[in-house]
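Chemist: Here the protein sequences come in this chain order: A and B.
Counting in numbering that gives the first Met the number 0, the first sequence runs from 0 upward without gaps.
Counting in numbering that gives the first Met the number 0, the second sequence runs from 0 upward without gaps.
Wrong hints could be hidden among the right ones.
[Claimed, not checked] If you only want the chain A side, here are some residues facing chain B, beta carbon under 10 Å, derived: (1) HIS6; (2) GLY10; (3) PRO12; (4) MET16; (5) LEU20; (6) TYR22; (7) GLU35; (8) ASN53; (9) GLU73.
By construction, these hints were calculated from the structure, which means they are not laboratory data.
On a predicted model such as this, the values are computed, not experimentally measured, just so you know.
Cβ coordinates follow ideal geometry from the N, Cα and C atoms, glycine included.
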Amino acid sequence: MKEKGLHKLSGFPKNKMGKILGYDDDQMKMPSKIIEMGLLPETAFRILYQAPFNGPMYVEFGEEKSRIALREEEGSFIIVEELN
Amino acid sequence: MQDTQKKQVLLVGNPNVGKSTVFNTLCNKKQKTGNYAGVTVASHSGNYAYKNEEVEVVDLPGSYSIYPSSEDEAIFSKFLIDEQKNYAGVIYILEALSLKRGLLLFQQIQDLGVPMILVVNQIDQAERRGITIDIQKFSDALGIKIIQTNAKEQIGIEEIKEAVLNNEFLKTDKTSFEIPTQHKDFIQKLSSDKGLDNEYKAWISISSGVDVDKIESMKKGLSDSEAKNLVPKRLQVQETVRRYQNVDRILANVISKRPQFKELLTERLDKVLVHKFWGYVVFLLILLIIFQSVFFLAEYPMNWIDNFFAWLSAFTGEHLPEGPLNSLISNGIIPGLGGIMVFAPQIGILLYFLYLLEDSGYMARVIFLMDRFLRPFGLNGKSIVPLVSGTACAIPAVISTRNIENLKERLLTILVTPFMTCSARLPVYSIIIGLIISDGTFFGIQYKALVLLGMYLLGFMVALLSAAILKGFIKNQGKTYLVMDLPTYKKPLFAYDFKMVLGKVWEFITGAGKIIFIVSIIIWFLSYFGPKQSPNEVVATNVKLDHSYLAKMGKAIEPAIAPLGYDWKMGVGIITSFVAREVFVGTMSTLYSLDDDAPEGKVIDKMRHDVKPNGEKVFNFATGVSVLLFYAFAMQCVSTLAVVYRETKSWKWTGFQVVMMTGLAYFVSMIAYQILK
Numbered sequence: 000m001k002e003k004g005l006h007k008l009s010g011f012p013k014n015k016m017g018k019i020l021g022y023d024d025d026q027m028k029m030p031s032k033i034i035e036m037g038l039l040p041e042t043a044f045r046i047l048y049q050a051p052f053n054g055p056m057y058v059e060f061g062e063e064k065s066r067i068a069l070r071e072e073e074g075s076f077i078i079v080e081e082l083n
Numbered sequence: 000m001q002d003t004q005k006k007q008v009l010l011v012g013n014p015n016v017g018k019s020t021v022f023n024t025l026c027n028k029k030q031k032t033g034n035y036a037g038v039t040v041a042s043h044s045g046n047y048a049y050k051n052e053e054v055e056v057v058d059l060p061g062s063y064s065i066y067p068s069s070e071d072e073a074i075f076s077k078f079l080i081d082e083q084k085n086y087a088g089v090i091y092i093l094e095a096l097s098l099k100r101g102l103l104l105f106q107q108i109q110d111l112g113v114p115m116i117l118v119v120n121q122i123d124q125a126e127r128r129g130i131t132i133d134i135q136k137f138s139d140a141l142g143i144k145i146i147q148t149n150a151k152e153q154i155g156i157e158e159i160k161e162a163v164l165n166n167e168f169l170k171t172d173k174t175s176f177e178i179p180t181q182h183k184d185f186i187q188k189l190s191s192d193k194g195l196d197n198e199y200k201a202w203i204s205i206s207s208g209v210d211v212d213k214i215e216s217m218k219k220g221l222s223d224s225e226a227k228n229l230v231p232k233r234l235q236v237q238e239t240v241r242r243y244q245n246v247d248r249i250l251a252n253v254i255s256k257r258p259q260f261k262e263l264l265t266e267r268l269d270k271v272l273v274h275k276f277w278g279y280v281v282f283l284l285i286l287l288i289i290f291q292s293v294f295f296l297a298e299y300p301m302n303w304i305d306n307f308f309a310w311l312s313a314f315t316g317e318h319l320p321e322g323p324l325n326s327l328i329s330n331g332i333i334p335g336l337g338g339i340m341v342f343a344p345q346i347g348i349l350l351y352f353l354y355l356l357e358d359s360g361y362m363a364r365v366i367f368l369m370d371r372f373l374r375p376f377g378l379n380g381k382s383i384v385p386l387v388s389g390t391a392c393a394i395p396a397v398i399s400t401r402n403i404e405n406l407k408e409r410l411l412t413i414l415v416t417p418f419m420t421c422s423a424r425l426p427v428y429s430i431i432i433g434l435i436i437s438d439g440t441f442f443g444i445q446y447k448a449l450v451l452l453g454m455y456l457l458g459f460m461v462a463l464l465s466a467a468i469l470k471g472f473i474k475n476q477g478k479t480y481l482v483m484d485l486p487t488y489k490k491p492l493f494a495y496d497f498k499m500v501l502g503k504v505w506e507f508i509t510g511a512g513k514i515i516f517i518v519s520i521i522i523w524f525l526s527y528f529g530p531k532q533s534p535n536e537v538v539a540t541n542v543k544l545d546h547s548y549l550a551k552m553g554k555a556i557e558p559a560i561a562p563l564g565y566d567w568k569m570g571v572g573i574i575t576s577f578v579a580r581e582v583f584v585g586t587m588s589t590l591y592s593l594d595d596d597a598p599e600g601k602v603i604d605k606m607r608h609d610v611k612p613n614g615e616k617v618f619n620f621a622t623g624v625s626v627l628l629f630y631a632f633a634m635q636c637v638s639t640l641a642v643v644y645r646e647t648k649s650w651k652w653t654g655f656q657v658v659m660m661t662g663l664a665y666f667v668s669m670i671a672y673q674i675l676k
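Using the sequences and the hints given, assemble the complete structure.
Modeler: Quick look at the structure:
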């Protein structure tokens, strides 16, 4: 089984609070925009919606409740854990 | 005006922070505000005068970082850095609801040594969230003057002008980003070697990848693992993370939060507007409402305009002295202008809706909803904005592709956007549909409206299909991604947008009007004169249309267009349309006005009754369909081509677009005519 509570952002359950731990980006393929927009380690987030057919995710994050849209491919660069 | 040097200031900030609203209230100039990343597609500038000082304000495209990831961000960074000598300072706009994100770029610019004033916009929104900002502490921590505004209510605008007048732009000496110690010596040396006034500039030249050749020498003296990590992108990430840590420290002392807050409008609206099912229903409904309004609301003003020009033509025909000038004015120029003016209401309504949607923040949701469906065609969710604005005009649509980060997706969007049914096609479609489709209704909807809707769908389908085909022929350039801010909804600026629409419609009328005016005169000349009919004439004047030079020219190209079912008059119409599609209507008006003994009749009735020499109607169903298809696909707009060339910087792709679109148009129209005739 997977380590307790450790996930990628893509595939993380909807409407659950989570926290960003870091990035999985050895190949340096991750768009720097992800970090520029403020999806940083230690940031709390919640996936509110996802467009049909595995479309983009609608993520609310941070103290300021910013909203961002990103695809599952981008989400798979981000390592997260569940918050209780 | 006094002989004072104009002071130049830049307006800078993230997208969707109300930057353009501040610009508009400052400058009171015609300019588009948008709540969607990418509406301010190029840098605009406006002027204002305050207490005898003339100020030029340059509104730069919104950006999140000094490191560009798209074309409009590249325009932003280049201007900011290259023009530093020429502007007095930067007015940096921060949205109270996203201070953290906004401060990233703020710090980067501050570290470049640029003098700045900070504007915090929409504080009322933050208060509704239970967030209080201690402006005094904030200002001390950043070492800068802060002005609070609510740009939509015009609050704080006067203070900005006063601060600009008094040159209250401030620089800081201490940088907020410490260059990592292991690189410090190298950056210091590079900075003095290049004669830069600032170490951060030297850092940027490495981290943005401009001085790639310097990186090898930078690796000297570093451990293996450090050297391996010495890649521009890694350095950028390192910088961004450190800056955010710094921002967190500052904000912790400045912001206080009450534990509860009300649910914002945005949260309530998005429950429906981005819903898996209802989101799409709403989007479709909005599109339907727009098109319904375009065709039915516009009908009344269109009739007034049409009747007015018919009357004016008859009036001038009667009251001006008989002769060639009379026929030029009443049969040439007036019907030509009328032919285009009549479409102003439709274009205006369409544009107004698009502006309101952009302003409100809804467009970002449309991108969210459409991304998954556009990807199989090689496009990005962001392509939906150019595609939808393409239904108004391809020119701004092509420019609005600049915020698509991936170059291949951007090129594809540019190539297929002109297939969308732009407003210049409307005049042509309306006339032809009026001629070939009957008045009946289907479940209460007119056949004519259904066919028109079909033409819009056809344009959209062909845009998608051609993207799907072309994506196989364009090289991949970089990775495709979608990382996009979803702004809060804002009440659109109804009155302001209305003013903008009037301006745009006026531009359309005068722009098209000028062309049509000239084309009308040329056509009139060519149709008034003809080859000599008796030996003692140089040319024949006041000839029958069939014997004119125009007829000669039209008939010369007839063999090429005969397979499409067109007679020589339509040939003339199509040739003149290569300047711009709407010229077709002006040309037809002029041609048919000249051709008749009773000039006061409506042009459309004359077209309806026109017959070919063999007795067949000129505008029967087969030729009508053929014309519709030709105008749907052919690339007939010089202005769009100019913009496509400017944006792609490639003659190859511009030329390809002309050949592809026009070739397709010829081929499809020919097949349709041959099957239907």
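Chemist: Would you settle whether the hint for GLU73/A is holds or violated, based on the nearest Cβ-Cβ distance to chain B being less than 10 Å?
Modeler: holds (5 Å)
Chemist: Please check whether GLY10/A passes as an interface residue: C-beta within 10 Å of a C-beta belonging to chain B.
Modeler: violated (16 Å)
Chemist: So, LEU20/A near chain B? Judge it on the closest CB pair being under 10 Å.
Modeler: Violated - the Cβ of LEU20/A stays beyond 10 Å from chain B, reaching only about 14 Å at its closest.
Chemist: For the restraint on GLU35/A, tell me whether the closest CB of chain B is nearer than 10 Å.
Modeler: Since the shortest Cβ distance to chain B is 5 Å, the answer is holds.
Chemist: When the nearest CB of chain B is found for MET16/A, is that gap smaller than 10 Å?
Modeler: violated (16 Å)
Chemist: Given TYR22/A was flagged as interface, is its beta-carbon under 10 Å from a beta-carbon of chain B?
Modeler: Hint holds; TYR22/A Cβ to chain B Cβ min 9 Å, cut 10 Å.
Chemist: With 10 Å as the cut and Cβ atoms as the points, is ASN53/A at the interface with chain B?
Modeler: holds (7 Å)
Chemist: Regarding the hint that HIS6/A lies at the interface with chain B, is the smallest CB-CB distance below 10 Å?
Modeler: violated (19 Å)
Chemist: Would the hint on PRO12/A be counted as holding, given a Cβ-Cβ threshold of 10 Å to chain B?
Modeler: Not OK, violated: PRO12/A not within 10 Å of chain B, min 16 Å.
The structure fails to meet hints 1, 2, 3, 4, 5 from the earlier list, while all remaining hints are met.
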